[in-house]
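Those sequence lines, one after another, are chains A and B. The numbers in numbering that gives the first Met the number 0 rise by one with no breaks, and the one at position 196 of the first sequence is 195. The numbers in numbering that gives the first Met the number 0 rise by one with no breaks, and the one at position 426 of the second sequence is 425.
Source of the hints: derived by calculation from the structure; they are not laboratory data. Please note that a few of the clues may not be correct.
[Claimed, not checked] DSSO-like cross-link-like pairs, simulated, lysine-lysine; straight-line CA separation at most 27 Å:
| no. | chain 1 | residue 1 | chain 2 | residue 2 |
| --- | --- | --- | --- | --- |
| 1 | A | LYS89 | B | LYS254 |
| 2 | A | LYS68 | A | LYS138 |
| 3 | A | LYS253 | A | LYS269 |
| 4 | B | LYS272 | A | LYS154 |
| 5 | B | LYS325 | B | LYS403 |
| 6 | B | LYS196 | B | LYS45 |
| 7 | B | LYS325 | B | LYS127 |
| 8 | B | LYS272 | A | LYS253 |
| 9 | B | LYS182 | B | LYS43 |
Small disclaimer: the values here were computed from a predicted structure and weren't measured.
Single-letter residue listing:
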Amino acid sequence: MLSRTADHLFWMARYTERAENTARMLDVNIQTSMLPQSAEDAERGWRAMLGISELQSAFDHQYGLLTKKDVLDFMVRDPMNPSSIASCLKEARENARAVRGTLTTEVWETQNATWLDMQERLSDTILENDPSQFFEWVKYRSHLSRGVTLGTMLKDEAVHFIRLGTFIERADNTARILDVKFHGAKESGRGNDSLQRDFYYWAALLRSVSGFEIYRKVYRDVITPERVAELLMLRGDMPRSLLACMDEVVANLKEVRNDVSADTERFAGKLHAELQFARIEEILAEGLHDNLTRFLENIFDLGNRVSRDFLVPLAA
Amino acid sequence: MAKFFNEMHAYDAAVNGGAGGELTREHYREFCNWLAQQPAERLKRKRAEADLSFRRVGITFAVYGDDAGTERLIPFDIIPRIIHAGEWAQLQKGLAQRVQALNMFIHDIYHDQNIIKAGIIPAEQIYKNAQYRPEMQGISVASDIYAHIAGVDIVRAGEGEFYVLEDNLRVPSGVSYMLEDRKMMMRLFPELFARNKIAPVDHYPDMLLDNLRSVAPMGVDNPTVVVMTPGMYNSAYFEHAFLAQQMGVELVEGKDLFVNDNAVFMRTTRGPKRVDVIYRRIDDDFLDPLAFRPDSSLGVPGLLSVYRAGRVTLANAIGTGVADDKSIYPFVPDMVRFYLTEEPILNNVPTYQCRKPDDLSYTLANLGDLVVKEVHGAGGYGMLVGPASTKAQIEDFRQRLLAKPDGYIAQPTLALSACPTFVESGIAPRHIDLRPFVLSGKTISMVPGGLTRVALQEGSLVVNSSQGGGTKDTWILEN
Chain A
0 MLSRTADHLF WMARYTERAE NTARMLDVNI QTSMLPQSAE DAERGWRAML
50 GISELQSAFD HQYGLLTKKD VLDFMVRDPM NPSSIASCLK EARENARAVR
100 GTLTTEVWET QNATWLDMQE RLSDTILEND PSQFFEWVKY RSHLSRGVTL
150 GTMLKDEAVH FIRLGTFIER ADNTARILDV KFHGAKESGR GNDSLQRDFY
200 YWAALLRSVS GFEIYRKVYR DVITPERVAE LLMLRGDMPR SLLACMDEVV
250 ANLKEVRNDV SADTERFAGK LHAELQFARI EEILAEGLHD NLTRFLENIF
300 DLGNRVSRDF LVPLAA
Chain B
0 MAKFFNEMHA YDAAVNGGAG GELTREHYRE FCNWLAQQPA ERLKRKRAEA
50 DLSFRRVGIT FAVYGDDAGT ERLIPFDIIP RIIHAGEWAQ LQKGLAQRVQ
100 ALNMFIHDIY HDQNIIKAGI IPAEQIYKNA QYRPEMQGIS VASDIYAHIA
150 GVDIVRAGEG EFYVLEDNLR VPSGVSYMLE DRKMMMRLFP ELFARNKIAP
200 VDHYPDMLLD NLRSVAPMGV DNPTVVVMTP GMYNSAYFEH AFLAQQMGVE
250 LVEGKDLFVN DNAVFMRTTR GPKRVDVIYR RIDDDFLDPL AFRPDSSLGV
300 PGLLSVYRAG RVTLANAIGT GVADDKSIYP FVPDMVRFYL TEEPILNNVP
350 TYQCRKPDDL SYTLANLGDL VVKEVHGAGG YGMLVGPAST KAQIEDFRQR
400 LLAKPDGYIA QPTLALSACP TFVESGIAPR HIDLRPFVLS GKTISMVPGG
450 LTRVALQEGS LVVNSSQGGG TKDTWILEN
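Based on the provided sequences and hints, a complete structural model is requested.
Right under this line is the structure:
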């Protein structure tokens with residue numbers, strides 16, 4: 000496969016996944032903002048959204064005062080924000096268009112239709128009146144995109160690069176959500192508060208990664224921050240956990256292996272093994288934030304290594 | 000009485016009890032019966048469905064001059080253009096003959112130049128032609144084929160009376176619309192395909208791949224074929240991607256290729272891979288910055304040297320443009336006679352070469368009745384349609400002609416045939432042309448039909464998509 004083609008496929012998948020994750024984060028914040036909470040906590044929640052994506056300064060530069068409406072606008076439809084859902088879906092579609100011949104007609108049409116429908120939805124008042132419905136739609140389109148990829152495409156390099164993009168992006172996003180939410184909990188003094196309040200906080204986090212029902216199934220017990228962290232980091236059977244993402248990354252890397260990629264495989268393998276053999280108690284003892292920060296650095300590094308080994312065309 | 004040949008209806012003085020009127024042509028009868036039974040609402044719904052579907056599938060073209068990335072739909076008309084088998088057989092023979100002669104001509108002028116020596120074409124017409132590539136002189140190309148894909152524009156003036164307007168031998172577009180229009184018609188009106196024996200066209204990509212493989216460089220048994228595009232902002236990008244996908248080959252850009260060790264390679268995730276045949280949809284000028292335009296970032300440095308060594312095939316070959324230039328066009332019938340010793344089956348439009356003093360003065364005296372075209376123009380730009388022009392436009396062209404007579408040709412305004420078409424006011428005749436796609440390799444082949452383009456403006460003769468033209472499905476009815 001052409002390196003350039005692989006690059007477009009990789010980024011098509013990353014942008015689709017990123018749009019989905021942004022929708023998840025925003026939706027859970029909408030949900031929590033409906034619970035009784037202080038104005039300070041509410042603002043902290045919205046600020047955290049910007050922090051997760053490292054967009055605080057870009058937002059401040061453009062908007063100044065922080066309101067829920069502005070954060071939503073900025074994160075959903077602002078074309079100036081390269082990480083807004085609209086920008087991500089547009090980028091995903093542009094990347095797909097560049098390699099539309101490599102995709103099955105179904106995959107291409109899914110990307111194109113998502114982009115077309117998005118413009119209609121955003122020109123509507125849906126974001127003001129029923130943002131959750133919009134976020135549901137984004138998630139659904141992302142599910143569809145993954146499903147139609149697995150359901151129609153030959154399991155060749157194209158699919159492996161798409162999967163690599165999806166899971167590198169997802170690992171990054173899950174780590175960010177977890178980090179910011181733990182951080183936020185500490186700041187608002189959670190943990191000493193009432194058990195009931197805590198429940199809603201952690202339940203919202205779990206819901207943002209479709210983990211609420213899974214948590215119940217796995218632990219059959221009350222929700223504790225430690226277990227939430229364990230579920231999202233170390234449970235290989237939880238589809239959005241760091242370990243599950245690394246399982247996929249390692250497997251797909253192996254499939255596309257070339258003459259120069261051994262080092263990258265080793266790097267990914269170590270990252271995978273650390274999660275596979277870690278215990279949550281050790282991670283918490285070391286400090287969750289430090290651990291996740293290191294993981295994010297490593298994932299970033301891994302993305303660059305994949306680019307260098309496969310995607311950026313090598314000179315003769 | 001209609002002034003133009005109407006594809007669907009003939010004028011008959013005997014109908015309506017001798018009052019005269021329209022009579023549906025034999026090969027349109029089945030379709031017209033069907034059309035008469037269709038509620039207007041259904042047809043309207045189907046048209047909307049077609050638009051939506053084209054948009055969803057992204058069957059679009061980019062327009063030069065617009066912001067990069069602006070995509071438009073080419074209007075699709077649901078009334079097909081129908082040609083009966085007898086006429087198609089004649090067209091097919093004529094096309095094969097013409098394209099064969101053109102290929103022989105290109106080979107000749109880059110080798111022995113017998114046609115110049117025989118005094119049929121003046122040498123300066125070749126050497127001064129901007130499309131003539133001295134780099135090709137004496138170079139052998141696989142099977143001596145230059146125009147592997149030709150898109151010949153044909154118009155009809157009367158029953159069995161076809162004229163060639165242009166031989167597009169460089170990078171002719173539109174074949175994807177031919178295929179997509181058919182797919183759309185089959186989807187919208189499957190019942191029509193049960194009622195009419197319509198010759199299929201879907202095997203075109205298969206034929207193209209076979210053709211491209213057959214012209215691989217000597218000694219390559221299992222050639223790697225690629226399609227080369229200028230990129231996704233090119234107006235025909237959809238077609239490039241479509242053809243690559245349908246043939247199952249890579250769609251490459253210049254930056255994906257490089258030359259090493261006298262061969263062309265593409266950069267893949269597993270390292271360099273040798274490329275043998277390049278179906279390039281990019282003009283000569285941009286192919287190799289070392290040989291042609293140095294500012295081209297679309298091409299591959301060193302490509303020409305590999306090509307000249309016979310280690311890669313380019314389709315179409317470099318330098319084919321010399322044969323489809325409007326200043327060479329008047330000589331094509333002579334080429335047929337010279338190379339094949341046959342009489343041409345397809346007509347040329349009578350053409351005044353403004354480089355000749357007599358032709359120039361005739362043209363200047365009759366500007367209001369003629370179509371004047373720039374010799375190197377394309378896409379419907381840089382032309383004057385006399386009868387449809389204002390005095391000021393005619394005066395403007397008069398000055399241009401006087402300043403640079405050898406830059407122009409003139410032709411009588413042809414009575415292009417018209418085909419009933421859906422327009423705002425209902426169904427009305429609109430002028431059409433036909434672009435069949437002729438493949439040359441070890442043999443000459445084509446699928447039955449081609450792309451029918453339609454001028455949607457009332458009275459307009461300009462069918463180019465960049466000028467607001469639309470397309471129709473083209474049916475060759477089997478007997």
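Going through the hints against the structure:
For a cut-off of 27 Å, the pair hint linking LYS89 (chain A) to LYS254 (chain B) stands: about 24 Å separates their Cα positions. This hinted pair checks out: LYS68 (chain A) and LYS138 (chain A) have alpha carbons roughly 21 Å apart, not beyond 27 Å. Only pairs whose Cα atoms come within 27 Å are accepted, and LYS253 (chain A) paired with LYS269 (chain A) is accepted, the gap being roughly 14 Å. Taking the CA atoms of LYS272 (chain B) and LYS154 (chain A), the gap is near 21 Å; set against the 27 Å cutoff, the hint holds.
Distance check on the hinted pair: LYS325 (chain B) and LYS403 (chain B) sit about 15 Å apart at the alpha-carbon level, within 27 Å; holds. For the suggested pair LYS196 (chain B) and LYS45 (chain B), the alpha carbons sit about 22 Å apart, so the restraint of at most 27 Å is met. With a C-alpha separation of about 13 Å, the suggested pair LYS325 (chain B) and LYS127 (chain B) falls inside the 27 Å cut-off, and the hint holds. A C-alpha spacing of about 21 Å is found between LYS272 (chain B) and LYS253 (chain A), which places the hinted pair at or below 27 Å, so the restraint holds.
In summary, the hint linking LYS182 (chain B) to LYS43 (chain B) is supported, as the alpha carbons are separated by about 19 Å, within the 27 Å threshold.
This entry satisfies every hint, going by the numbered hints stated previously.
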